[in-house]
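**Q** So the chains spell out like this:
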Amino acid sequence: MADKQLACAACEPKGLCGGKGLLTLKDGAWAKNPLAIQVLGICSSLAVTNRLENSLVMGAALIFVTVGSNLIVSLLRKCTPHRIRMIAEVAIISTFVIVFDQFLKAFYWDMSKQLGPYVGLIITNCIVMGRAEAFALQNPPILSMVDGFANGLGYAAVLAIIGFFRELLGTGEIFGHPVLSGQWYTPNQIMILAPGAFFALGIVIAIFNSINGPKPEEKK
Amino acid sequence: MSETSAWVIFIAAIFTNNILLANFLGMCSFIVCSSQIRTALGLGTAVTFVMITTTILNYVIYHFVLVPYGLGHLQFIIFIAVIAAFTQLVEMFVERFSPKLYFALGIFLPLITVNCAILGAGLFMIIRNYNFLQSVGFGLGAGIGWTLAILLLAGLRQKMRYSHIPEPFQGVPIAMVITGVLAMTFMGFAGMVSIQ
Numbered sequence: 001m002a003d004k005q006l007a008c009a010a011c012e013p014k015g016l017c018g019g020k021g022l023l024t025l026k027d028g029a030w031a032k033n034p035l036a037i038q039v040l041g042i043c044s045s046l047a048v049t050n051r052l053e054n055s056l057v058m059g060a061a062l063i064f065v066t067v068g069s070n071l072i073v074s075l076l077r078k079c080t081p082h083r084i085r086m087i088a089e090v091a092i093i094s095t096f097v098i099v100f101d102q103f104l105k106a107f108y109w110d111m112s113k114q115l116g117p118y119v120g121l122i123i124t125n126c127i128v129m130g131r132a133e134a135f136a137l138q139n140p141p142i143l144s145m146v147d148g149f150a151n152g153l154g155y156a157a158v159l160a161i162i163g164f165f166r167e168l169l170g171t172g173e174i175f176g177h178p179v180l181s182g183q184w185y186t187p188n189q190i191m192i193l194a195p196g197a198f199f200a201l202g203i204v205i206a207i208f209n210s211i212n213g214p215k216p217e218e219k220k
Numbered sequence: 221m222s223e224t225s226a227w228v229i230f231i232a233a234i235f236t237n238n239i240l241l242a243n244f245l246g247m248c249s250f251i252v253c254s255s256q257i258r259t260a261l262g263l264g265t266a267v268t269f270v271m272i273t274t275t276i277l278n279y280v281i282y283h284f285v286l287v288p289y290g291l292g293h294l295q296f297i298i299f300i301a302v303i304a305a306f307t308q309l310v311e312m313f314v315e316r317f318s319p320k321l322y323f324a325l326g327i328f329l330p331l332i333t334v335n336c337a338i339l340g341a342g343l344f345m346i347i348r349n350y351n352f353l354q355s356v357g358f359g360l361g362a363g364i365g366w367t368l369a370i371l372l373l374a375g376l377r378q379k380m381r382y383s384h385i386p387e388p389f390q391g392v393p394i395a396m397v398i399t400g401v402l403a404m405t406f407m408g409f410a411g412m413v414s415i416q
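Chains A and B, in that order, are what the protein sequence lines are. For the record, in the first sequence the residue sitting at position 220 is 220 according to the numbering used here, with numbers rising by one throughout. One gets the numbering used here by counting positions in the second sequence from 1 and adding 220 to each.
Be a bit skeptical, because a hint or two may be false.
[Unchecked claim] Some chain A residues near chain B, calculated using beta-carbon distances under 10 Å:
| hint | residue |
| --- | --- |
| 1 | 31 |
| 2 | 46 |
| 3 | 87 |
| 4 | 101 |
| 5 | 116 |
| 6 | 170 |
| 7 | 171 |
| 8 | 174 |
| 9 | 199 |
What the hints contain is simulated information worked out from the structure, not anything from laboratory work. Heads up, the beta-carbon is just placed ideally off N, CA and C, and yes, glycines get one too.
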């Protein structure tokens with residue numbers, strides 16, 4: 001009972017998030033999915049999705065960084081001078097990225113080697129910066145954390161989908177265990193190489209587009 | 221690694237290890253700014269210039285300040301600060317001394333701060349242990365390679381307006397698929413030279 005109340009406190013009108021908790025969660029993770037709908041932060045989503053394991057770690061990293069940076073940016077939103085907010089956001093984000101990078105290096109050295117520079121590149125990931133700028137600067141801390149989590153989750157989910165299919169089709173394995181093997185399936189190497197990443201992401205975005213209805217194309 | 225000549229790294233960074241088509245860096249502005257050849261060329265020039273200079277700056281700072289004082293773990297925040305500060309400086313400089321160039325490049329300069337190709341080039345330089353000359357070759361090659369890739373896509377997208385594309389694929393998805401085909405053609409260069 002107590003648990004249930006705690007869970008609901010976040011979504012009730014007078015709760016911590018002013019009734020916007022669930023909506024924020026849904027927007028970030030599905031309706032305004034940062035990767036598939038808004039097409040932000042695609043660099044890392046292409047680079048690390050050659051294996052499912054890498055995709056999951058990268059998704060976790062992004063959730064950690066967006067939640068953390070949204071919280072701090074939101075806490076400091078009233079005492080950050082407007083003119084220097086960008087550099088303040090970058091400094092906060094970098095701090096969280098450094099923490100995660102040091103954690104990977106200390107406990108998961110192999111993973112850190114495999115992800116290479118892409119952990120550091122979370123700093124320039126448009127999703128993190130975009131959420132800090134567009135959401136955390138105007139909203140209270142807890143709601144900002146929910147928003148950061150939702151967007152991180154949306155990103156991680158798409159990453160996992162792409163990672164799953166690239167590893168499955170490219171090597172015939174999942175998490176390194178052979179799944180599609182034997183005479184009837186020849187692993188398609190192109191899927192784990194660069195072109196496969198572009199094809200996979202293009203197709204995923206197209207599928208999202210067709211589910212959500214046609215999007216008017218921006219003309220310049 | 222350390223014996224590879226700067227020239228080889230320069231060529232490899234353009235063709236076999238193109239920073240965009242093989243390492244997926246700088247995708248955001250690549251997709252957004254690639255509908256016109258003129259825009260693409262302007263952005264490419266700005267990126268190349270900032271990339272070569274910040275690679276040199278970051279090399280010097282990393283090897284003469286961070287490493288001697290054991291501050292290697294601060295590389296991310298220092299690199300991004302250097303890039304942001306340098307871009308700002310270039311913007312002010314260009315605005316003051318060459319207004320014409322400023323109007324041509326103006327809007328692209330702030331965008332470059334968040335272009336991951338620039339930060340990526342700096343991080344690759346550290347991870348791959350390049351010496352000074354190699355870093356210069358890599359920075360220049362990566363910038364030119366990025367420009368080449370965005371020009372190719374811009375050219376293709378200009379033609380694409382006249383073709384019939386299935387509705388869900390219009391816009392970004394078809395650009396991704398075309399980039400995939402470009403990446404595949406660039407794989408034809410693999411084996412010419414190789415760096416890791």
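**Q** At a threshold of 10 Å, is the proposed contact between residue 46/A and chain B supported by beta-carbon distances?
**A** holds (4 Å)
**Q** For the hint on residue 174/A, just tell me whether its beta-carbon gets within less than 10 Å of chain B.
**A** Result: violated, 23 Å to nearest chain B Cβ.
**Q** May I ask you to test the interface hint for residue 171/A with respect to chain B, counting a Cβ-Cβ separation under 10 Å as satisfied?
**A** Violated: closest Cβ of chain B sits about 18 Å from residue 171/A, beyond 10 Å.
**Q** At a threshold of 10 Å, is the proposed contact between residue 101/A and chain B supported by beta-carbon distances?
**A** holds (7 Å)
**Q** Go through the hint on residue 170/A and say holds or violated, using the shortest Cβ distance to chain B against 10 Å.
**A** Given a least distance of 14 Å, the restraint on residue 170/A is violated.
**Q** Go through the hint on residue 199/A and say holds or violated, using the shortest Cβ distance to chain B against 10 Å.
**A** Holds - the Cβ of residue 199/A comes within 10 Å of chain B, reaching about 4 Å at its closest.
**Q** Can you verify the interface hint for residue 116/A: is its Cβ closer than 10 Å to any Cβ in chain B?
**A** holds (6 Å)
**Q** Does the nearest C-beta of chain B fall within a distance shorter than 10 Å of the C-beta of residue 31/A?
**A** Violated, about 17 Å.
**Q** Mind checking the CB of residue 87/A against every CB in chain B and telling me if the closest is under 10 Å?
**A** Cβ of residue 87/A sits 7 Å from chain B, so the hint holds.
Comparing the model with each numbered hint stated earlier shows that hints 1, 6, 7 and 8 do not hold.
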